[in-house]
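Here the protein sequences come in this chain order: A and B. Going by UniProt numbering, the first residue of the first sequence is number 1, and it counts up by one from there. Going by UniProt numbering, the first residue of the second sequence is number 1, and it counts up by one from there.
None of these hints come from the bench; they were simulated from the model. The beta-carbon is built from N, C-alpha and C at its ideal position, and this holds for glycine as well. Please note that a few of the clues may not be correct.
[As the list claims (entries may be wrong)] Simulated restraints on C-beta separations:
1. THR202(A) <-> HIS231(B): 51 to 57 Å
2. VAL404(B) <-> LYS88(A): 56 to 62 Å
3. LEU8(A) <-> ARG57(B): 54 to 60 Å
4. GLN259(A) <-> ASP271(B): 41 to 47 Å
5. PHE221(B) <-> HIS40(A): 55 to 61 Å
6. THR241(A) <-> PHE221(B): 22 to 28 Å
7. THR74(B) <-> LYS34(A): 46 to 52 Å
8. ILE356(B) <-> HIS40(A): 56 to 62 Å
9. PHE371(B) <-> THR272(A): 54 to 60 Å
10. ASP271(B) <-> LYS34(A): 40 to 46 Å
11. GLN259(A) <-> GLU278(B): 34 to 40 Å
12. ALA249(B) <-> SER167(A): 39 to 45 Å
[Claimed, not checked] Covered stretches of chain B (in silico footprint by chain A; criterion: 3 or more residues with CB under 8 Å from a CB of chain A, positions within the stretch not fixed):
13. 54–65
14. 191–204
15. 418–425
[What the hints assert, rightly or not] Facing chain B, a subset of chain A residues (Cβ under 7 Å, in silico):
16. VAL33
17. ARG43
18. ALA251
19. SER253
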Amino acid sequence: MKKHWRSLIIILITLAATLIVLIPATTWMTANVKSARVIHNSRMEPVILIPGSSATQDRFNTLINDLNKQTTGHSLLKITVQTNGSLKYSGRIARNDNEPYIVVAFENNKDGYPNIKKQAAWFNTAFTQLRKTYRFNRFRGIGHSNGGLIYTLFLEKYYQADEVTMSRLMTIGTPYNLAESNSDNRTQMLSDMIAARKSLPTGLTVYSIAGTENLDGDGTVPIESVEAGKYIFQNQVKHYTQITVSGDDAAHSDLPQNQQIIQLISQYIVSTPNQQGVPGITRTPNGNGVGQPG
Amino acid sequence: METYLQTKLLPGIIRQSVRIRRWRMYRVLKQTLAVIFPFILLGVIAEALNSTVFSPRGFFAEIYHLQTVIPFYTQIQHILSVLQAVTINLSAPAVAFLAAKFMAHSYHKDETLAGLTSALSFFTFNLNFSPGQHDTFLIQNLGYRGLFFAFWLGVGIGWLFRFGKISQEPALKESSISDRVTNSLHHLLLINLILIISMAISYAISLIAADGIIGVIYSFFQFPGTRLTGHVSIRLALLTTMNALIWWAGLEGPLNLAAAATQGNGTLGADNLNYALEHNNLFNVPHPYTMSTIYYPFANFGGVGMMMALIFAIFIVSRRHSMREIAGLGLAPAIVNNPVAILVGLPVILNPLLLIPFILTPLVNQGIAWFVIRLHIMPPPVYTVPTGTPGPFIAFLGTNGNWVALVVSLLCLLVSTLIYIPFVRLTMIVNDEAAQLEAQDEKALA
Numbered sequence: 001m002k003k004h005w006r007s008l009i010i011i012l013i014t015l016a017a018t019l020i021v022l023i024p025a026t027t028w029m030t031a032n033v034k035s036a037r038v039i040h041n042s043r044m045e046p047v048i049l050i051p052g053s054s055a056t057q058d059r060f061n062t063l064i065n066d067l068n069k070q071t072t073g074h075s076l077l078k079i080t081v082q083t084n085g086s087l088k089y090s091g092r093i094a095r096n097d098n099e100p101y102i103v104v105a106f107e108n109n110k111d112g113y114p115n116i117k118k119q120a121a122w123f124n125t126a127f128t129q130l131r132k133t134y135r136f137n138r139f140r141g142i143g144h145s146n147g148g149l150i151y152t153l154f155l156e157k158y159y160q161a162d163e164v165t166m167s168r169l170m171t172i173g174t175p176y177n178l179a180e181s182n183s184d185n186r187t188q189m190l191s192d193m194i195a196a197r198k199s200l201p202t203g204l205t206v207y208s209i210a211g212t213e214n215l216d217g218d219g220t221v222p223i224e225s226v227e228a229g230k231y232i233f234q235n236q237v238k239h240y241t242q243i244t245v246s247g248d249d250a251a252h253s254d255l256p257q258n259q260q261i262i263q264l265i266s267q268y269i270v271s272t273p274n275q276q277g278v279p280g281i282t283r284t285p286n287g288n289g290v291g292q293p294g
Numbered sequence: 001m002e003t004y005l006q007t008k009l010l011p012g013i014i015r016q017s018v019r020i021r022r023w024r025m026y027r028v029l030k031q032t033l034a035v036i037f038p039f040i041l042l043g044v045i046a047e048a049l050n051s052t053v054f055s056p057r058g059f060f061a062e063i064y065h066l067q068t069v070i071p072f073y074t075q076i077q078h079i080l081s082v083l084q085a086v087t088i089n090l091s092a093p094a095v096a097f098l099a100a101k102f103m104a105h106s107y108h109k110d111e112t113l114a115g116l117t118s119a120l121s122f123f124t125f126n127l128n129f130s131p132g133q134h135d136t137f138l139i140q141n142l143g144y145r146g147l148f149f150a151f152w153l154g155v156g157i158g159w160l161f162r163f164g165k166i167s168q169e170p171a172l173k174e175s176s177i178s179d180r181v182t183n184s185l186h187h188l189l190l191i192n193l194i195l196i197i198s199m200a201i202s203y204a205i206s207l208i209a210a211d212g213i214i215g216v217i218y219s220f221f222q223f224p225g226t227r228l229t230g231h232v233s234i235r236l237a238l239l240t241t242m243n244a245l246i247w248w249a250g251l252e253g254p255l256n257l258a259a260a261a262t263q264g265n266g267t268l269g270a271d272n273l274n275y276a277l278e279h280n281n282l283f284n285v286p287h288p289y290t291m292s293t294i295y296y297p298f299a300n301f302g303g304v305g306m307m308m309a310l311i312f313a314i315f316i317v318s319r320r321h322s323m324r325e326i327a328g329l330g331l332a333p334a335i336v337n338n339p340v341a342i343l344v345g346l347p348v349i350l351n352p353l354l355l356i357p358f359i360l361t362p363l364v365n366q367g368i369a370w371f372v373i374r375l376h377i378m379p380p381p382v383y384t385v386p387t388g389t390p391g392p393f394i395a396f397l398g399t400n401g402n403w404v405a406l407v408v409s410l411l412c413l414l415v416s417t418l419i420y421i422p423f424v425r426l427t428m429i430v431n432d433e434a435a436q437l438e439a440q441d442e443k444a445l446a
């Protein structure tokens, strides 16, 4: 009888010990597998493009057509954020495409600092939604003209480094000091951006491209205004490079079609220009993968 | 059949085993392991704690988030590493000393000098001749890895002392200091000869192998597991059998703790993991039968040879206090798949009786697992589990909570225990008879 009691107690202790170990182990494992799955399925690193003022979501069609002509190409998703914050989609991201292009444009695409601030907030709305849908945790960005300002404001105000990593940003003809050609006369926007520069991600590499049609700038944005970007980025982000492009197509609105800038984009921003196994996009010179204008 | 088993085979096995027990070398082995056991046990427990509790990827550390719970986490980890370094990682020179000591003792020769010479010779064999390196010794060879060589070196040097002039008895009994000096001087030639020869061999080997003589021994066991052709199950069976044999011989087999910690990191494991993460279905992974889906989750409970099953078998059938005590001491490290304590303590090393279940149980378990996976009753465990996950839980966790996997694991444990039970019984009988004979011998001497 005594013997039986001992065996029973040993069995009970073993069972209890097993449960004490097995329950947290199972919980841990389930959580671990779940997060591993999320990380595994988020190898996507999209290139998110923001057009400048007065431009629609089709602003980059020519650019992406040209990029896709040189390579096997990537798919393109276009989003227009409505003034009420809702999103209008057109185009789609191809299955298995790890580096799709996503254009985020705004229904209200007017110029002006108050409006740019609104657009940054709208961009954040779209970005949050995109992250939820596609679960990427890295991305790269291109901003044309005011698009670069929207990116800067977004990075300073909304970007959360522990959730997502922006590794590279290219701003093209971005007027960091608006239309001001004297860098001593800092606009309110530039002062605000400089004041908040410490929130910029330290791992980011920034390329600022200036177009010069004449000696003053690209005809719309003064070169000094583009160069004012150094007051924001230099000594805060990892690398800040300014590149000046001149010659054909160096006028402000031609910059996204400028062959040299396209070269720079495919060199610095697109990391896998020839990704294998992206269906539906082959080396066709007609810009396959670019969604129909919508 | 049964009568043959009972009348011929079993008494034959017992007689043979008792005879082996009485071999000089086997007795030296048991004596050596008995002395070294407490140190090995301490090192093994430090190692087990370090790998499961005090390393961030360890099992208990992961599931209880111990890194944030335990104060002075890294400090304790450091102390445990040092403890491991001075016990198990320095056990080989101690074994060289003890083996020579007991060997010389059995010839009634000067045992202390023999042991000392042997230990120094062992160090000589592990001198680091590579230029530009600061370590004087090949430190990796001084631990469990070097045990096999250390033992046989000790046995050899102990045997050489048989030809030493003076036996220990008179010199030690009248132990004046000058007597002892004289005694040592008598062995001067022998000691120097051994050390010079050791040095010469060691240097010659350093010219061809950077890892010393122990590295040369291990290079024989570089089993070409991946280059083998034939069906995958045969490859796995061959590799695991080879591994068990190497461990049994007192060497560190290829499927050791470090290999277990990185299981699933190979290309096959990565393929499986990618598939599982993409499809959320483990049944159709590209490589269902690999070391990390068949061997580690089902045939490595308590480490090589299902040591956990051996421990349970001892608890169930053995009534001998010492045996149960060793099994109890070995249980804690065996839970986290560290087999060394029970291998040395019982010992399993070079124990002919336990060789059969030691090789058989992993094969049977892998067979069961292969069969169940083949019939699609259970998915292969492909998710990597933390270091030191208790054997029976590996499959359950590695399938992300498949209950069939847990049941199959427990079945494997049960079957293995049943395989071990008769051999534990035999061991007990042989132990008793050998002990009786030893007692008779001592009476005869006295």
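How the hints compare with the structure:
Distance hint check for THR202(A) and HIS231(B): the Cβ-Cβ separation is about 55 Å, which falls inside the suggested range of 51 to 57 Å. In this structure the hint that VAL404(B) and LYS88(A) lie 56 to 62 Å apart at CB is violated, the actual value being about 49 Å. At about 37 Å, the CB distance of LEU8(A) to ARG57(B) disagrees with the hint of 54 to 60 Å. Between GLN259(A) and ASP271(B) the C-beta distance comes to about 42 Å, which sits within the given range of 41 to 47 Å.
Between PHE221(B) and HIS40(A), the C-beta spacing of about 37 Å breaks the proposed range 55 to 61 Å. About 55 Å separates the C-beta atoms of THR241(A) and PHE221(B), a value inconsistent with the hinted range of 22 to 28 Å. A C-beta distance of roughly 29 Å is found between THR74(B) and LYS34(A), which places it outside the suggested range of 46 to 52 Å. Between ILE356(B) and HIS40(A) the CB atoms are about 44 Å apart, so this pair departs from the stated range of 56 to 62 Å.
PHE371(B) and THR272(A) have their C-beta atoms about 43 Å apart, which leaves the hinted 54 to 60 Å range violated. One distance hint, 40 to 46 Å for the beta-carbon pair ASP271(B) and LYS34(A), is violated here, with the actual separation near 21 Å. Between GLN259(A) and GLU278(B), the C-beta spacing of about 39 Å keeps the proposed range 34 to 40 Å intact. Separation of ALA249(B) from SER167(A) is about 53 Å and departs from the stated range, judged on CB atoms against 39 to 45 Å.
Only residues whose beta carbon comes within less than 8 Å of a beta carbon in chain A count, and the region 54–65 of chain B has 4; three or more means the coverage holds. Residues of the region 191–204 of chain B lying with their CB closer than 8 Å to a CB of chain A number 0, which falls below the three-residue condition for coverage. Chain A is given as covering the region 418–425 of chain B, and this is violated because 0 residues of the stretch bring a CB closer than 8 Å to a CB of that chain, at least three being needed. Checking VAL33(A) against chain B: minimum C-beta separation of about 5 Å stays under 7 Å; hint holds.
Interface hint status for ARG43(A): violated, as the beta-carbon distance to the closest one in chain B is roughly 11 Å, over 7 Å. Here the hint on ALA251(A) is broken, as its CB sits about 47 Å from the closest CB of chain B, past 7 Å. Look at SER253(A): its Cβ only gets to about 43 Å from chain B, farther than 7 Å, so that hint breaks.
Violated hints for the displayed structure, listed by number in ascending order: 2, 3, 5, 6, 7, 8, 9, 10, 12, 14, 15, 17, 18, 19.
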